[in-house]
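**Q** Single-letter residue listing:
There are 2 protein chains.
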Amino acid sequence: MAARIDFQTEPARYRHWRLEFDGETAELIMDVDENAGLFEGYQLKLNSYDLGVDIELADAVQRLRFEHPEVKVVVLKSGKDRVFCAGANIRMLAGSSHTHKVNFCKFTNETRNAMEDASRASGQKYLCAVRGTAAGGGYELALATDHILLADDGSSTVALPELPLLAVLPGTGGLTRVTDKRKVRRDLADAFCTVEEGVKGQRAVKWRLVDQTAPNSKFEQAVKDAAQKLAAQSDRVDAKGIKLTPLERTFAESAVTYSSLKIEIDRDARRATLTLQGPASAPPASVEAMVEEGADFWPLRLARELDDAILHLRLNEPAIGVLIFKSQGDPAQVAAFDAFLDTNKGHWLSREVLHYWKRTLKRVDLTSRSLVALIEPGSCFAGTLAEIVFACDRSFMLIGGLPGDNRPAAALTLSALNFGTYPMSNDLSRLATRFLGEPASVDKARTESGKALGGEDCEGLGLVTSALDHIDWEDEVRIFLEERSSFSADGLTGMEANLRFAGPETMETKIFGRLTAWQNWIFQRPNAAGAEGALKRYGTGVKANFNPERV
Amino acid sequence: MAARIDFQTEPARYRHWRLEFDGETAELIMDVDENAGLFEGYQLKLNSYDLGVDIELADAVQRLRFEHPEVKVVVLKSGKDRVFCAGANIRMLAGSSHTHKVNFCKFTNETRNAMEDASRASGQKYLCAVRGTAAGGGYELALATDHILLADDGSSTVALPELPLLAVLPGTGGLTRVTDKRKVRRDLADAFCTVEEGVKGQRAVKWRLVDQTAPNSKFEQAVKDAAQKLAAQSDRVDAKGIKLTPLERTFAESAVTYSSLKIEIDRDARRATLTLQGPASAPPASVEAMVEEGADFWPLRLARELDDAILHLRLNEPAIGVLIFKSQGDPAQVAAFDAFLDTNKGHWLSREVLHYWKRTLKRVDLTSRSLVALIEPGSCFAGTLAEIVFACDRSFMLIGGLPGDNRPAAALTLSALNFGTYPMSNDLSRLATRFLGEPASVDKARTESGKALGGEDCEGLGLVTSALDHIDWEDEVRIFLEERSSFSADGLTGMEANLRFAGPETMETKIFGRLTAWQNWIFQRPNAAGAEGALKRYGTGVKANFNPERV
Chain A
29 MAARIDFQTE PARYRHWRLE FDGETAELIM DVDENAGLFE GYQLKLNSYD
79 LGVDIELADA VQRLRFEHPE VKVVVLKSGK DRVFCAGANI RMLAGSSHTH
129 KVNFCKFTNE TRNAMEDASR ASGQKYLCAV RGTAAGGGYE LALATDHILL
179 ADDGSSTVAL PELPLLAVLP GTGGLTRVTD KRKVRRDLAD AFCTVEEGVK
229 GQRAVKWRLV DQTAPNSKFE QAVKDAAQKL AAQSDRVDAK GIKLTPLERT
279 FAESAVTYSS LKIEIDRDAR RATLTLQGPA SAPPASVEAM VEEGADFWPL
329 RLARELDDAI LHLRLNEPAI GVLIFKSQGD PAQVAAFDAF LDTNKGHWLS
379 REVLHYWKRT LKRVDLTSRS LVALIEPGSC FAGTLAEIVF ACDRSFMLIG
429 GLPGDNRPAA ALTLSALNFG TYPMSNDLSR LATRFLGEPA SVDKARTESG
479 KALGGEDCEG LGLVTSALDH IDWEDEVRIF LEERSSFSAD GLTGMEANLR
529 FAGPETMETK IFGRLTAWQN WIFQRPNAAG AEGALKRYGT GVKANFNPER
579 V
Chain B
29 MAARIDFQTE PARYRHWRLE FDGETAELIM DVDENAGLFE GYQLKLNSYD
79 LGVDIELADA VQRLRFEHPE VKVVVLKSGK DRVFCAGANI RMLAGSSHTH
129 KVNFCKFTNE TRNAMEDASR ASGQKYLCAV RGTAAGGGYE LALATDHILL
179 ADDGSSTVAL PELPLLAVLP GTGGLTRVTD KRKVRRDLAD AFCTVEEGVK
229 GQRAVKWRLV DQTAPNSKFE QAVKDAAQKL AAQSDRVDAK GIKLTPLERT
279 FAESAVTYSS LKIEIDRDAR RATLTLQGPA SAPPASVEAM VEEGADFWPL
329 RLARELDDAI LHLRLNEPAI GVLIFKSQGD PAQVAAFDAF LDTNKGHWLS
379 REVLHYWKRT LKRVDLTSRS LVALIEPGSC FAGTLAEIVF ACDRSFMLIG
429 GLPGDNRPAA ALTLSALNFG TYPMSNDLSR LATRFLGEPA SVDKARTESG
479 KALGGEDCEG LGLVTSALDH IDWEDEVRIF LEERSSFSAD GLTGMEANLR
529 FAGPETMETK IFGRLTAWQN WIFQRPNAAG AEGALKRYGT GVKANFNPER
579 V
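From first to last, the protein sequence lines stand for chains A and B. Each residue of the first sequence is one higher than the last, beginning at 29 in this note's numbering. Each residue of the second sequence is one higher than the last, beginning at 29 in this note's numbering.
Same shape as in the complex, but just chain A:
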């Protein structure tokens, strides 16, 4: 078995990034250690990156929000002299399995989205100061910021050379952000994406690829000025942050145990069961007490654990096809935490926790495994936790209890947070997406908020797929799980990616639906990934051999 990829890190352990703080401004400096790649077989030259580099970036973006409420602007820059960032490492890509490549791209996309979410949802703006080459994923990183400042020094450029160099797409949102975020004219975008050497200076501004250029002599000042302007748009408060302390985790052969979450893995059946644990006590008495609890505050703790669990399963357990979600705890306590967060949503930490749950739930939506919720006696799928039920492809609910089981009957409880606080990538709530064809059902569900709804009620309201009594429960669930295992993994991935996102499209859904799907296709094609393909032949001096046939 390959070494486990760990998504947990902290600034003191970073090999590739530095964080520096100066009041309202932080500098996030990319300075990749070329000898510290996640795997053997490549060097991370020219600030190129692999998943390990991006895990640190994701950690930094996350800590900036929780640990540094005072930071209004993050300046993203390079710690190297003549290069901003050369993008994803090509030898790493060429040597990776299809599964790893696709999951790597998904995570990098989620991290870029997290930067945009910090700006939009949390007033923490990103400024990109590009000196040297920002190529491929390097420019895609810049695209995720609010403002791109390019040195006008005759050599600094932005480029998306994936197509000419590697026969693949700028797949970390690149093509979509060029057309839909920066709204570059399509023929200029086409020209840009076919020019290996990229675009520099005024042309980059004229083509809408960057926001501004500045000569070397005025670059530092221009960065300061632009940062100040962005800071003026921020609504962040001058508070003391909380520390994101290390997660409590234990890994065993077939289980991962967190403080409020347990993963149990059945490798023969290719299933994992994730049991979420409700809070052990009531919500804190005040926002001050919440800040005091810090990373121990139950909703934050569980979100971090769930996030880590999903990433672990995606990257380290690719043969697990079905994720089963269960919960145990007191739904009234979960609802009390929801009420606490909702009441205090104006407080910076509540806001961060709510948006973190939003992002974590999106991570669940975007996980290419079959997701099923089992709502059993003693469970606590209320409010925020009920969102997990709505994120699932199917949900089964027991009517009442099981013989000999004296835990409370299975119930599902809605809270105010189910009606817009946690939009999916399509910008609709899970319930609004679910009931696209019958919007009145959303209103009807809302009137039932706060009630512990039993199986038959939930089925009637359309909140679960099926409610079953104890006689049918075990067989029906077993049959479903066995059937699911019998289907093609790829067919399921494609089907789920289409069925989960009904309704409107956004830049995010376009990235994960359209762009990613095309990139995955291309990652399978001999022209890119074959023995004579461009990815394999890059740097060998031998040109790739292309099949000219258009599909």
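A couple of the hints might just be wrong.
It does not matter which identical chain is meant; a pair holds if it fits inside one copy or across any two.
[Unchecked claim] Below, simulated DSS-like cross-link-like pairs (lysine-lysine); rule was C-alpha separation at most 27 Å, straight line:
(1) K211 <-> K472
(2) K234 <-> K472
(3) K290 <-> K209
(4) K209 <-> K472
(5) K108 <-> K246
(6) K271 <-> K234
(7) K271 <-> K386
(8) K234 <-> K257
(9) K386 <-> K564
(10) K73 <-> K108
(11) K479 <-> K271
These are calculated hints, taken from the structure and not from any lab test.
Given chain A's structure and the hints, the job is docking chain B onto it.
**A** Quick look at chain B alone, frame taken from chain A:
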């Protein structure tokens, strides 16, 4: 070389469909001749279809609009006893090249869209009367209609069994129409797509899969009633149609010559040049005269020829990577035809011609070849024909003339039809999509309507990619074309599919972007297309062997 696939047919030559007329209602009866497949190696049992069946369907849908303005409702039904339609033929799919499969799916999707366009844009409604099994592509066909009536006879079902049976997706819009047109709840959609045997009776209505059921004894009457209701929504007029006479075409080794269009193929360079010919005379004096001209009416004639040319190149010339569009003629005459169509857009035939151009231009947008327009002396890219320039990935325009060439200097002329008459699949005009980042440029272009704009003006207005004088022209164009040929065909397909459709998404863009891209990916995966995959093993009695790894 394989036999040429011909997209031209007519009802007298149909092998698989019958058209019957009764006043405002037409019946479109699917009765596939199982021995008349387009290729060897399979029988079209159970009303299953291949591209040949769909070519006839597309022809029927087209003729219903032009030849039968009096038809308000088309009733789609089966001519066989116990089956409505079993979908795309599986042995055909299993035996087809990746290129053929993908292009087959694209064409079937365009044909389903054409049915929906007939309803929405032209008041010709579709009613689907399902008796027997409507499975896979059969149900997808039903999904493209306005109203689905299912016999409640204990055996008639609708089903999307692709995933469980074949490890592929219901890729002819199926998944997207289920979630976005019929707005089926996602978990029910998931359940539906995993049940081989499908859903019948009241459950099909309750799950929103069909609109209505009727017992056998009342089925005919229910069809009549539903047809009458749909007819009441139609705004079609009781006019006499025109005859879509056979196209004038000659095929040579490296050329196809139509009356107003010529394709010249350079196989070594993998390029085709399509030269559109402007009208030979002024527009007709009246709508009556237009009807009298019928299929000879220049805009209609050219649209039919262009449509046929694009389909020919897609299916019969897969190694041609670049389509070069040129035109020759009098731009003032083209503009005069635009003005004629615009003035008379209330007339049924003008309406049909305008919507046909809309569909043909969409077909160009969706063609996975690099598209380039060369605007040269003597060209007539005005109004409707200028849309082709805006559909291209790049456009090059000569400033003035060429030495020794006394044709009129290159010019581009905008007409009222460039500002909304021909929306792309994203429902925006090509100019609105082009100028997403600078909407004022659309208004600026509008004020220049009617003027013959030279190269520098067009470049300044952002209407072309580059304007070049005669000194640079030949070299720049040659370099571009050579560079384009050097790129990976697949990389270009993916890039173009992403760059062409900025801005909002619609059901159409979701089908061609998201669903199609996932299906193409799956069509490459061993679980579906490999020697032990589900497509190859279907019907052999041996179960497919799946790699369980999730990507």
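**Q** Compare the structure with each hint and give your call.
**A** The hints, checked one at a time:
With identical chains, the CA atoms of K211 and K472 are at most 27 Å apart between copies only, with a shortest distance of 18 Å across copies and 40 Å within one. Proximity of K234 and K472 under a CA criterion of 27 Å is satisfied inter-copy only: 18 Å between copies versus 51 Å inside one chain copy. For the identical chains of this complex, K290 and K209 are neighbours neither inside a copy (39 Å) nor across copies (39 Å), given an alpha-carbon limit of 27 Å. In the homo-oligomer, the alpha carbons of K209 and K472 lie at most 27 Å apart only across protomers (23 Å), although the nearest pairing inside one protomer, at 36 Å, exceeds that limit.
For a Cα distance limit of 27 Å, the shortest separation of K108 from K246 inside one copy, 19 Å, qualifies, whereas the shortest one across copies, 78 Å, does not. Within a single copy, K271 and K234 get their C-alpha atoms no closer than 43 Å, and across copies no closer than 51 Å, so neither meets the 27 Å cut-off. In this assembly of identical chains, K271 and K386 lie within 27 Å of each other by CA distance solely inside one copy; the values are 20 Å within and 58 Å between copies. In the homo-oligomer, the alpha carbons of K234 and K257 lie at most 27 Å apart inside one protomer (21 Å), although the nearest pairing across protomers, at 55 Å, exceeds that limit.
Proximity of K386 and K564 under a CA criterion of 27 Å is satisfied in neither setting, with 38 Å inside one chain copy and 42 Å between copies. For a Cα distance limit of 27 Å, the shortest separation of K73 from K108 inside one copy, 11 Å, qualifies, whereas the shortest one across copies, 66 Å, does not. For a Cα distance limit of 27 Å, the shortest separation of K479 from K271 qualifies neither inside one copy, at 36 Å, nor across copies, at 65 Å.
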